[in-house]
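Participant: Residues per chain are reported as follows:
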Amino acid sequence: MTWRFLRNVLLKGSVLFLACDLLFAAWHPAGLGKVSAYNHLFPGRLRFPFGENPTQAYNLSLFDLDAMFASHVIAAAPKPADEYRVILIGDSSVWGTLLKPEETLAGLLNAASITACDGRQIRVYNLGYPTISLTKDLMILTEAMRYQPDLVVWPLTLEAFPTDKQLSSPLVSHNSGRVRDLIRAYNLPFDVNDPALWTPSFWDKTIIGQRRDLADLARLQLYGVLWAATGVDQVYPADYPRAQIDFAADDVSFHDQQPPSLDEAKLAFAVIAAGVRLAGETPVLIVNEPMLVSTGKNSDVRYNFFYPRWAYDHYRQMMSEQSQRSGWSYLDLWDVLPESEFTNSAIHMTPAGEAIFAAQLAGVIQERTCSK
Amino acid sequence: MTLTYILIFTAIALFLGLVMRNRWRVYWLMGVSALAIFLLQPALPIRSLDFWLSTLTLLLTVLGWLLTTSSGKLRERGNLVALAILTGIVLCANLTRYLGLEWTLSATLPPKIETLLAFLVVVALVLGAVAYFKRLSLKFLLTAGILLLIGIFLLLKVPSLAIATSGLIRLAAGRLGVNAAATDLRWLGFSYIAFRLLHTIRDRQSGRLPEVTLPEYVTYVIFFPALTAGPIDRIERFIQDLHRPIALSSEDLTLAGKRLVVGLFKKFVLADSLALIALNSVNALQTRTAGWMWLLLYAYTFQILFDFSGYTDIAIGIGGFLGFRLPENFAAPYLKPNLTQFWNSWHMTLTQWFRAYFFNPVTRALRSGKRRWPIAAVIFVTQLGTMLLIGFWHGVTWNFILWGLWHGIGLFLQNRWSEFIRPRLAGVENRKWGKLSLTVLSNMLTFQYVALGWVWFALPDVAMSVHVFFKLFGLT
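Protein chains in written order, with our numbering: chain R, 1 to 372; chain Z, 1001 to 1476.
Don't read these hints as lab results, they were simulated from the structure. Hints may be right or wrong, so weigh each one.
[As the list claims (entries may be wrong)] Examples of chain R residues lying across from chain Z (beta carbon under 10 Å, computed): (1) V9; (2) P54; (3) T55; (4) L217; (5) R219; (6) L222; (7) F269.
[Unchecked claim] Cβ pair distances, simulated, as ranges: (8) Z:A1164 <-> R:Q244: 54 to 62 Å; (9) Z:V1462 <-> R:S201: 52 to 60 Å; (10) Z:P1159 <-> R:N53: 24 to 32 Å; (11) R:A19 <-> Z:T1289: 42 to 50 Å.
[What the hints assert, rightly or not] Computed from the model, here is a short list of chain Z residues facing chain R with C-beta under 10 Å: (12) I1246; (13) I1277; (14) N1280; (15) Q1286; (16) T1287; (17) T1289; (18) W1292; (19) N1344; (20) T1363.
Ideal Cβ positions, reconstructed from N, Cα and C, are used throughout, including at glycine.
Construct the entire structure; sequences and hints are all you get.
Facilitator: Right under this line is the structure:
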């Protein structure tokens, strides 16, 4: 072996690596996430991958929507003929923060084993994702429609409405292409050039630029082993800070809005309209999800950490009017749970709270199956 | 060692291997290794303890040399220069405290300079005393050196002693002793350093140790490629490499580079990926079925191999850039037909160390004494003893003891079984398929036994290990 040989090996290796890198960037295999060990080697996950403590939760957050769906049980097989498919989209209260998969809304509805009017088994899929943004929900719904739902249930809350936070969810900002398509297709009141929408450069698309995403994709597959082995997809701490119930008397603002009324232009009702349009023939049931109604200090000013009373009351009024105007199916369950049935946030429910919520919804869903 | 440090040390090794070929080479190697000790020592909850442990590593090494070298050698110019370099490095590492937290060589802020100077005065007195008393009673001092190292080893490895020591250090540092934990005393590479020192002291006792200079000795003990995960070289072999004129050929570089790349792949791709799903104290209690438990156990079985052998490959690769041929530590251990062969190919340098300093001497003693022990009893005592000591080397806990017992008993049973079955299987072994079947069966059984042994090794307590055994065999 000569020095010349060694030099040539190094040179050829570098050129080959560079070529692969550039080819990868030019090709940019966006569908790579669709290749998944879930639903093949391991059972699909019952909710989307999400987690900030991967080594204990056997779960991690990633921005590849294809990979998220490919790891989900909804992608396991074509829809069976005897299944009435319900998909749940929404935020962390749907995903089930601090709840085991079987304690989530979807888990409880499935456990109730309800059947549709035509005799089909109602099967509910948890497509919630723990960030609060209607646009994020809309983006997920776009993908979810490929799985032929018979009913879309969309629990939401006012915190998901402010237009200035629609694009800041990391999942939204890292899927700028999809979001721009939605903005254009449904004429949403957002700027397609909003700096919050991250546009990858050519170098970001190379293997080196994508190393984090590729590693996440690989780790997601590996964690499939532990998901299958343990059924754990979240850390369940024995103790955690409880949701805030005491507030300052002068804390009356909601984002940049002040009493006495909300500015409708600053709320993303257009995204809900887009969702209903996107669903087309598939009915959409919009649910104003339960939230903590505090009885603590200055609870006459605020309902909870998120909402001053004036803002939330006005929002409920607007939602009711908008629904009537637009013909949306709307269910307002904002106060069905007592203060004690919330955990670490004003919208995160205890298993018992989730069961009450599920019981309320189960009847409505079953009713919907008869009204077609 | 992180990937960044490995790349930095690779660059340094390449520079030293290709450029630094003169008589100063040994000083460079010693200096870089000394700096590596400060750089790689992880941060500890007790302020400045990382700096003190690094300094103590150097002190113990110098003491080791002083004990094992002939009298009067310290006054030789080369050794004084080495001592001055080491003192300079400690002082420089300390002075980085005045550059601000981001620029300290050690992980946390080093102590004040006046504290270090006072310590160095004490060190000078200790070294002087050792040099003086060595003339009077070398035997006593060598034994004291061995006991000191074993004592420190026990302080670090026995959880209750480690907690007590940490508590005392915390109190001395003006902090609350109740927060003490065994992990407070994570001393970088001490297990390896101590065994190299013990090897030189024992060889000095038996008169086999070659005469080496201080920089050579220090370089041997703290050689930076092998600092964190071995291998545990023998000093006479290491010195041969050090003395050999360095003339790296393209073939040497290719081989070393290949070894480094293989090591990086094993450690950072295979081992780190398997680590995500390997058996541990959390998933051991969460796993629902026997099948998945086996998978987690196999993941651990290969993770520990790739992790450890990957680091060895990295060490051998970086050593190769410097013109060293560090000894092998692994030779396809999971493809061996019996436990004896497994232990001849797993962490080989550690096994050889125990064979040289425990197994062989004890076997000789038991077989050559006035009352000769029966052969089976000798094998039982020596193999069980050796494996228990290897267990202790990893940590003095019930699980490591049980892991040692598992292998000790396994080795004994395998030895007796082989004696019994060999003549009876002679006919089968002569047939091609018979031999192949036997080999495959033996390999599988050995692998399975080793893999099950990792249940003790991977988990922190006996109850959890028993739970995993029950789950593996479908008993819960």
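Participant: Hint by hint, note whether the structure agrees.
Facilitator: Hint check:
1. Restraint check, V9 of chain R versus chain Z: the minimum CB separation of about 8 Å is within 10 Å; hint holds.
2. For P54 of chain R, the interface hint holds, since its Cβ comes within 10 Å of a Cβ in chain Z; the closest pair sits about 8 Å apart.
3. Interface hint at T55 of chain R: satisfied, since its Cβ lies 7 Å from the closest Cβ of chain Z, which is below the 10 Å cut-off.
4. The criterion of a C-beta within 10 Å of any C-beta in chain Z is not met by L217 of chain R, whose closest approach is roughly 12 Å, and the hint is violated.
5. Given hint, R219 of chain R at the interface with chain Z, holds; its Cβ is 6 Å from that chain's nearest Cβ, closer than 10 Å.
6. The interface hint given for L222 of chain R holds, since its Cβ lies 5 Å from the closest Cβ of chain Z, which is under the 10 Å cut-off.
7. Below 10 Å, beta-carbon pairs count as interface contacts, and F269 of chain R has none with chain Z, the closest being about 43 Å; its hint is therefore violated.
8. At about 43 Å, the CB distance of A1164 of chain Z to Q244 of chain R disagrees with the hint of 54 to 62 Å.
9. For the pair V1462 of chain Z and S201 of chain R, the supplied restraint of 52 to 60 Å holds, since their beta-carbon distance comes to about 55 Å.
10. Under the hint 24 to 32 Å, the C-beta atoms of P1159 of chain Z and N53 of chain R, about 26 Å apart, fit the expected range.
11. At roughly 46 Å, the beta-carbon separation of A19 of chain R and T1289 of chain Z lies within the given 42 to 50 Å, and the hint holds.
12. Among the interface hints, the one on I1246 of chain Z is violated; its C-beta lies about 16 Å from the nearest C-beta in chain R, farther than the 10 Å criterion.
13. The beta carbon of I1277 of chain Z is positioned within 10 Å of a beta carbon in chain R (closest approach about 4 Å), and the interface hint is therefore held.
14. Checking N1280 of chain Z against chain R: minimum C-beta separation of about 9 Å stays under 10 Å; hint holds.
15. With 10 Å as the threshold, the beta carbon of Q1286 of chain Z comes within range of chain R, its nearest partner Cβ sitting at about 4 Å, so the hint holds.
16. The criterion of a C-beta within 10 Å of any C-beta in chain R is met by T1287 of chain Z, whose closest approach is roughly 5 Å, and the hint holds.
17. For T1289 of chain Z, the suggested interface contact is upheld, since its CB lies about 7 Å from the closest CB of chain R, less than 10 Å.
18. The restraint placing W1292 of chain Z at the interface with chain R holds, with a minimum CB-CB distance near 3 Å, inside the 10 Å limit.
19. Because the closest C-beta pair between N1344 of chain Z and chain R is about 31 Å apart, greater than 10 Å, the hint is violated.
20. A hinted interface residue such as T1363 of chain Z counts as satisfied when its beta carbon comes closer than 10 Å to some beta carbon of chain R; here the least separation is about 44 Å, so the hint is violated.
Of the numbered hints listed earlier, those contradicted by the structure are 4, 7, 8, 12, 19 and 20.
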